[in-house]
Amino acid sequence: MPGTSTTAAAAETTLQPSRRQRHFWERPARFSVPYLLIVPVVVVIALVLGYPLYWLGKLSTEKYGLFELIQHHGTSVGFANYRSVLHDQIFWHTLVRTVIFTAVNVGLTMVLGLLIALLLVRVSTVVKLMLSSGLVLVWSMPVVVAVQIFYWMTNFQNGVVNYVLTQLHVGNFEQHDWYATPFSQLSLVTVLIVWGAIPFVAITLFAGLAQVPRDLVEAAEVDGARPWGVFRDITLPVIRPILLILTSLSIIWDFGVFTQPYLLIDQSKITPGNYLMSTYLFEEGYLKADFGRGAAISILMLLIVAALSVLYVRKMVRIGREAV
Amino acid sequence: MNSSRRNRRRLRQAGWNAVGLAVFVVMVFPVFWMISTAFKSNEQIIALKPVWFPLHPTLQHFADAIHKPFFWRDVLNSLIVVSVTVAVSIVIAFMAAIALARYRFSLREVFVVLVIGIQMLPQAGLIIPLYVVLARYHQVNALSGLIITYMTFVLPFCVWTLRGFLLGIPKDLEEAALVDGSTRVGAFMKILLPLMGPGLVATSVFAFITTWNEYIFARVLLNDQAKQTVTVWLSYFLGTSRNTDWGALMAASTLTAIPVVLFFIAVQRRIAFGLTAGAVRG
Numbered sequence: 001m002p003g004t005s006t007t008a009a010a011a012e013t014t015l016q017p018s019r020r021q022r023h024f025w026e027r028p029a030r031f032s033v034p035y036l037l038i039v040p041v042v043v044v045i046a047l048v049l050g051y052p053l054y055w056l057g058k059l060s061t062e063k064y065g066l067f068e069l070i071q072h073h074g075t076s077v078g079f080a081n082y083r084s085v086l087h088d089q090i091f092w093h094t095l096v097r098t099v100i101f102t103a104v105n106v107g108l109t110m111v112l113g114l115l116i117a118l119l120l121v122r123v124s125t126v127v128k129l130m131l132s133s134g135l136v137l138v139w140s141m142p143v144v145v146a147v148q149i150f151y152w153m154t155n156f157q158n159g160v161v162n163y164v165l166t167q168l169h170v171g172n173f174e175q176h177d178w179y180a181t182p183f184s185q186l187s188l189v190t191v192l193i194v195w196g197a198i199p200f201v202a203i204t205l206f207a208g209l210a211q212v213p214r215d216l217v218e219a220a221e222v223d224g225a226r227p228w229g230v231f232r233d234i235t236l237p238v239i240r241p242i243l244l245i246l247t248s249l250s251i252i253w254d255f256g257v258f259t260q261p262y263l264l265i266d267q268s269k270i271t272p273g274n275y276l277m278s279t280y281l282f283e284e285g286y287l288k289a290d291f292g293r294g295a296a297i298s299i300l301m302l303l304i305v306a307a308l309s310v311l312y313v314r315k316m317v318r319i320g321r322e323a324v
Numbered sequence: 001m002n003s004s005r006r007n008r009r010r011l012r013q014a015g016w017n018a019v020g021l022a023v024f025v026v027m028v029f030p031v032f033w034m035i036s037t038a039f040k041s042n043e044q045i046i047a048l049k050p051v052w053f054p055l056h057p058t059l060q061h062f063a064d065a066i067h068k069p070f071f072w073r074d075v076l077n078s079l080i081v082v083s084v085t086v087a088v089s090i091v092i093a094f095m096a097a098i099a100l101a102r103y104r105f106s107l108r109e110v111f112v113v114l115v116i117g118i119q120m121l122p123q124a125g126l127i128i129p130l131y132v133v134l135a136r137y138h139q140v141n142a143l144s145g146l147i148i149t150y151m152t153f154v155l156p157f158c159v160w161t162l163r164g165f166l167l168g169i170p171k172d173l174e175e176a177a178l179v180d181g182s183t184r185v186g187a188f189m190k191i192l193l194p195l196m197g198p199g200l201v202a203t204s205v206f207a208f209i210t211t212w213n214e215y216i217f218a219r220v221l222l223n224d225q226a227k228q229t230v231t232v233w234l235s236y237f238l239g240t241s242r243n244t245d246w247g248a249l250m251a252a253s254t255l256t257a258i259p260v261v262l263f264f265i266a267v268q269r270r271i272a273f274g275l276t277a278g279a280v281r282g
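From first to last, the protein sequence lines are chains X and V.
FYI, the working numbering numbers position 321 of the first sequence as 321, with every residue one higher than the one before it.
FYI, the working numbering numbers position 193 of the second sequence as 193, with every residue one higher than the one before it.
Calculated directly from the structure, the hints in this document are not laboratory data.
Among the hints, a few may not be true.
To be verified - Straight line, CA to CA, 25 Å or less: simulated DMTMM-like cross-link-like pairs of lysine to aspartate or glutamate:
(1) V:K68 to V:E109
(2) V:K190 to V:E175
(3) X:K269 to X:E68
(4) V:K190 to V:D180
(5) X:K63 to X:D88
(6) V:K68 to V:D180
(7) V:K49 to X:D177
(8) V:K227 to X:D266
(9) V:K49 to X:E174
(10) X:K63 to X:E174
(11) X:K128 to X:D215
(12) X:K58 to X:D88
(13) V:K227 to V:E109
(14) X:K269 to V:D245
(15) X:K288 to V:D224
(16) X:K128 to X:D266
(17) V:K227 to V:D245
(18) V:K68 to X:D266
(19) V:K190 to V:E174
(20) X:K315 to V:D64
(21) X:K269 to V:D224
(22) X:K63 to X:E283
(23) V:K227 to X:E283
Said to hold, decoys possible - Computed list of chain X residues with no C-beta within reach of chain V, every gap over 10 Å:
(24) Q89
(25) F150
(26) L165
(27) H176
Virtual Cβ for every residue (Gly too), placed ideally from N, Cα, C.
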């Protein structure tokens, strides 16, 4: 027994010089290398995000309009901007509307996405290939393009949607104007967003479903388990982490969504009656060139989204800690 | 008994297939309708009873679309913005990804939070400070201002995705090269770079797509029609004219979508994993 330890010690002594040598030149380098590698990214982010964020804070306490923009100088007004926003009925109505809008959009996206993922498992190979290619095609559509298509399909004169709904005897939709009321406008935006978001959710969940143990499902079915029971006790636990990530991502995205409502409703028809958080901010802050008040709205919005993101970011950081 | 069970199973399979096909039709219809409209004659487009397939396709709308003012200008602008953004981003993101995937360092966690957190920021919340700051440095209405803005939003995604690809390459390979007497840089060039090829291409293509599709910053930061990108050009297509040229609009939409669709289909599988890390915005 003592023999082995001597051999090991001997081996260690022979190994040590070379090892120590490498450490000798590598250590100071190794210490700074990762920092040197992240410097460019950090510099860009600090300049284009950090500095403007500092400005955002500053602007929110200033009177800053077009005149000040040209002068490069605002006048400090303390918390007047925040007071003005928080006492504004429109802000609170917009907030409530955005929360409801987000809940409906995320709910529809997740339920339909999950149903389509489950459907993909059940259809035959040919249909599976067709459906998944179709989903990828929809996923790849640029948002601005999708808006134009929906705008054309829902046109009141010769939009195909009115024709199809009338033919299907859903009701008389001839010359129906989908852009007449805020509710109708936002419902269209919901259809557009959900349509565009389903592919990502469905395909990601379908990939997750591949991890569900097949023999377990079959055994449960042989034992006479109901489909709902199989889903709840076997499928759901496996895909729960993916469901959580997708739901939190969808909440964050839909809460801040801008392009779809802004372009589909059409900027000229955006009014306090159909404001969502981002269109409210755009109209009140940017278009009216009231940058100080807009900054206060931005900060309130960023704080809400930050609170919504905490869970998701923590989860991702845990993933980031793995495997170094 | 046995055959009736088989029949029932077959019937159920047919039922699922029918539902699958119905979902396919509903989901794909808008894209089909765009392409179909783009090739129809004006009489077919405004017909009260829709014409489903253009039996005598015409290319007139495509000609109209590309001859609209500023089309080529704005396509060129998009190409410039996209290629500079992607080229610079991918290089510096790759460096940061190596740091994340291969080194332990004390600020690592902070950096990860930064990378993930930025992707969660709602872009609408940042238009005002970006507009004001870029205006101060005369970067409003300049492609350079848009490029650095895009870089900030593309970088986190690139870092995170490339990190994922790097983790898929065993460390032993580089270490073996180091033992063989290569320098660290040599090991990088000989071993890591060729293996990372597909990952770098996929990430670049995805960065290309996000940048090409971006709307809100381009809308806010570029006012001059000759300086806009193609998405903003498309969004202004209808203008205020009362007689909407639906055919040309759909042809223009098709043209805008084509590069994105082709690229997306090519890399979707590779990148799907990274998407869960918060890559595309809804």
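Violated hints, by number in ascending order, as checked against the structure: 1, 3, 6, 10, 13, 16, 20 and 25
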